[in-house]
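**Q** Chain by chain, the residues run as shown.
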Amino acid sequence: MCNCGDTLIPQIGVITDICTETPDVKTFRVEAIGGGKLFEHMPGQCAILSMPGKGEAIFSITSSPTNQKYMEFSIKRCGSITDLLHFDVEVGQQIAVRGPYGNHFPVEDKLQGKDVLFIAGGIGLAPMRSVINYMLDKRDDYGSIDIVYGARSKEDFVRYDELTNVWPSQKDTHVHLTIDRPQEGWDGNVGFVPNFLKDLKFTPDKTVLLCGPPIMIKLCLAALIEMGFTKTQVYTTLELKMKCGVGKCGRCNIGKKYVCKDGPVFTCDQIDEMPNEY
Amino acid sequence: MLKLALAKLPELCALMQKEAELLVPAKNKAGKVDYKAYAEGVEICLNEKTSRSAKDAFFPQVENLLKFKSEGKNLSLEQILPPDHATILFGVKACDARSFKLLDKVFLSNPVDSYYKARRENCLIIGLGCAEPEETCFCATFGIDATNPEADINTWVVGEELYWAPVSEKGKALTEKLSAIFVEADDKAVKEQGEATKNILSMLPLANFKIADKISAKELVTFNSKVWGDLSATCLSCCTCTYVCPTCHCYDIRDYKTDDNTTERFRCWDSCMASDFTKMAHGNPRKTKLERFRQRYMHKLVYFPENNGEYACVGCGRCLEKCPANLNIVKVAKALEVSDDV
Numbered sequence: 001m002c003n004c005g006d007t008l009i010p011q012i013g014v015i016t017d018i019c020t021e022t023p024d025v026k027t028f029r030v031e032a033i034g035g036g037k038l039f040e041h042m043p044g045q046c047a048i049l050s051m052p053g054k055g056e057a058i059f060s061i062t063s064s065p066t067n068q069k070y071m072e073f074s075i076k077r078c079g080s081i082t083d084l085l086h087f088d089v090e091v092g093q094q095i096a097v098r099g100p101y102g103n104h105f106p107v108e109d110k111l112q113g114k115d116v117l118f119i120a121g122g123i124g125l126a127p128m129r130s131v132i133n134y135m136l137d138k139r140d141d142y143g144s145i146d147i148v149y150g151a152r153s154k155e156d157f158v159r160y161d162e163l164t165n166v167w168p169s170q171k172d173t174h175v176h177l178t179i180d181r182p183q184e185g186w187d188g189n190v191g192f193v194p195n196f197l198k199d200l201k202f203t204p205d206k207t208v209l210l211c212g213p214p215i216m217i218k219l220c221l222a223a224l225i226e227m228g229f230t231k232t233q234v235y236t237t238l239e240l241k242m243k244c245g246v247g248k249c250g251r252c253n254i255g256k257k258y259v260c261k262d263g264p265v266f267t268c269d270q271i272d273e274m275p276n277e278y
Numbered sequence: 279m280l281k282l283a284l285a286k287l288p289e290l291c292a293l294m295q296k297e298a299e300l301l302v303p304a305k306n307k308a309g310k311v312d313y314k315a316y317a318e319g320v321e322i323c324l325n326e327k328t329s330r331s332a333k334d335a336f337f338p339q340v341e342n343l344l345k346f347k348s349e350g351k352n353l354s355l356e357q358i359l360p361p362d363h364a365t366i367l368f369g370v371k372a373c374d375a376r377s378f379k380l381l382d383k384v385f386l387s388n389p390v391d392s393y394y395k396a397r398r399e400n401c402l403i404i405g406l407g408c409a410e411p412e413e414t415c416f417c418a419t420f421g422i423d424a425t426n427p428e429a430d431i432n433t434w435v436v437g438e439e440l441y442w443a444p445v446s447e448k449g450k451a452l453t454e455k456l457s458a459i460f461v462e463a464d465d466k467a468v469k470e471q472g473e474a475t476k477n478i479l480s481m482l483p484l485a486n487f488k489i490a491d492k493i494s495a496k497e498l499v500t501f502n503s504k505v506w507g508d509l510s511a512t513c514l515s516c517c518t519c520t521y522v523c524p525t526c527h528c529y530d531i532r533d534y535k536t537d538d539n540t541t542e543r544f545r546c547w548d549s550c551m552a553s554d555f556t557k558m559a560h561g562n563p564r565k566t567k568l569e570r571f572r573q574r575y576m577h578k579l580v581y582f583p584e585n586n587g588e589y590a591c592v593g594c595g596r597c598l599e600k601c602p603a604n605l606n607i608v609k610v611a612k613a614l615e616v617s618d619d620v
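Read top to bottom, the protein sequences are chains A and B. All letters in the first sequence, in the order written, are residues 1 to 278 by this note's numbering. All letters in the second sequence, in the order written, are residues 279 to 620 by this note's numbering.
Just chain A, same shape as in the assembly (with noise of 0.2 Å):
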């Protein structure tokens, strides 16, 4: 392993576990070699996963940072580095990491005492996870927890032991899903996310973390003011493509700002201020 300390020079990992989430998502769970985590990160961070011979993509790290075992990246199916990810790797699998990168949700800081609006649509839910399993573990620290997520149907959803017996059963704690259309066994709500923002009557004296593709995220925002909300009570987090990962391979920037480096968290007022290339 390397020490030079060059960010670009990765560490080895090794996969220590593969959960099949839905049939285009996988989570994986990385140690160092020899057990423990391969760096510390903040809820919201990302890093750099190596396939070699097929290069490197960047990934949000799902697991939160209280947890001292490993991390783990949820992961969809969608290019070619994912697609050797869903179909190459195996349980023991040694891996090439690099991170953590850009900043992180305000835990520390605003977010606390505050009562917390989860908004996450299909694989967005992945950032979100660590920073409500950080909030969880530190549960005094927040006020109520709300969460909102959407899938395209009930095999869709990330997680979805998690979303139902474990995260409900804390403190506080409110998990509302959605899918697209009706499914057979489905007695849950049916419908898109923004209206199902609107029929739940949320109050704006909440603070939102969003994270989704694109389209949903302009339209829960749209719902949200409607509401009474303001842009800066909403988070993102947005995903642009990335080499370097500490700004200077020159791709991922909005106007001046560097995805890597200055998010990938952002409040929508800041976004509102950003070129519309995203």
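Each statement offered as a hint is correct.
Label pairs and their computed distance ranges (CB to CB): (1) A/D24 - B/T512: 41 to 47 Å; (2) B/E412 - A/D272: 40 to 46 Å; (3) B/N586 - A/D115: 37 to 43 Å; (4) A/Y160 - B/S387: 40 to 46 Å; (5) B/V616 - A/S153: 53 to 59 Å; (6) B/T536 - A/G35: 29 to 35 Å; (7) A/N276 - B/D618: 19 to 25 Å.
Simulated from the structure, these hints should not be mistaken for lab results. Heads up, the beta-carbon is just placed ideally off N, CA and C, and yes, glycines get one too.
Given the structure of chain A, go ahead and fit chain B onto it with the hints provided.
**A** Showing chain B alone in chain A's frame:
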């Protein structure tokens, strides 16, 4: 001030070569001038601007970062360390010398790029005062003194002589080692040449070119200007401007399998003008040529100044010379200046 006869240049280079790897401007196979490692017989070309900038010395077009070895499920990696030997970069014009300070803001800001840093720290820069500025030159726009590059040692070719003035401690130390080859000189000839160069500069087409303050004043206003459509229409997306630009620093990181079990990872220059630069599995935020063209100039004229307080341009004029579609930063800045929506 010191000097030596130009005829003694090979002798000087041979002496410098004993101290460090020496990079000099010389004719390449295509007959163009570019930097190359000095060896006996290399014909040094001090009177032309190099066709590529001098950034290769610190940010090479391609460099290997590491090697992966896989064996079954096991993976090991070996970092390919940046070179740690001393280099001397000879004949750097003032525009290129300034570009290093701009690249420093990118590569030496936290987290420091150790590859760039190693090359930069191990290098001694010998500047060369401009005597024949070209019609495409506009370094004065950025407050650069063409006759006095920001370097460790400065040199000037006047007639059949090379004048030599150490500036930094590093430059003085090298000069000390080489002292036997020089004779003392006064600076009269260099001063006269400097006046003549400034006189030429004042008569060149871009002598009074300035970048209007309003361009960088409001990011979104400049971004949304209608000028980008017309400006970008004839761009061929060939990326030449990027590769010859001394301040362009975008790079890619790629893997190359040398055999079934071995992968080399390298970094290479990339360009924001390339169509796949920002392409992801789920889409591309800069789909059109207009968006990519705009990105490059917004970076130089707006984003870089916002982040670093300076334009990402040194007025070397290479994009004016090399663009096959006659597009360049001057044309863009002028179009934005006269546009009524900026």
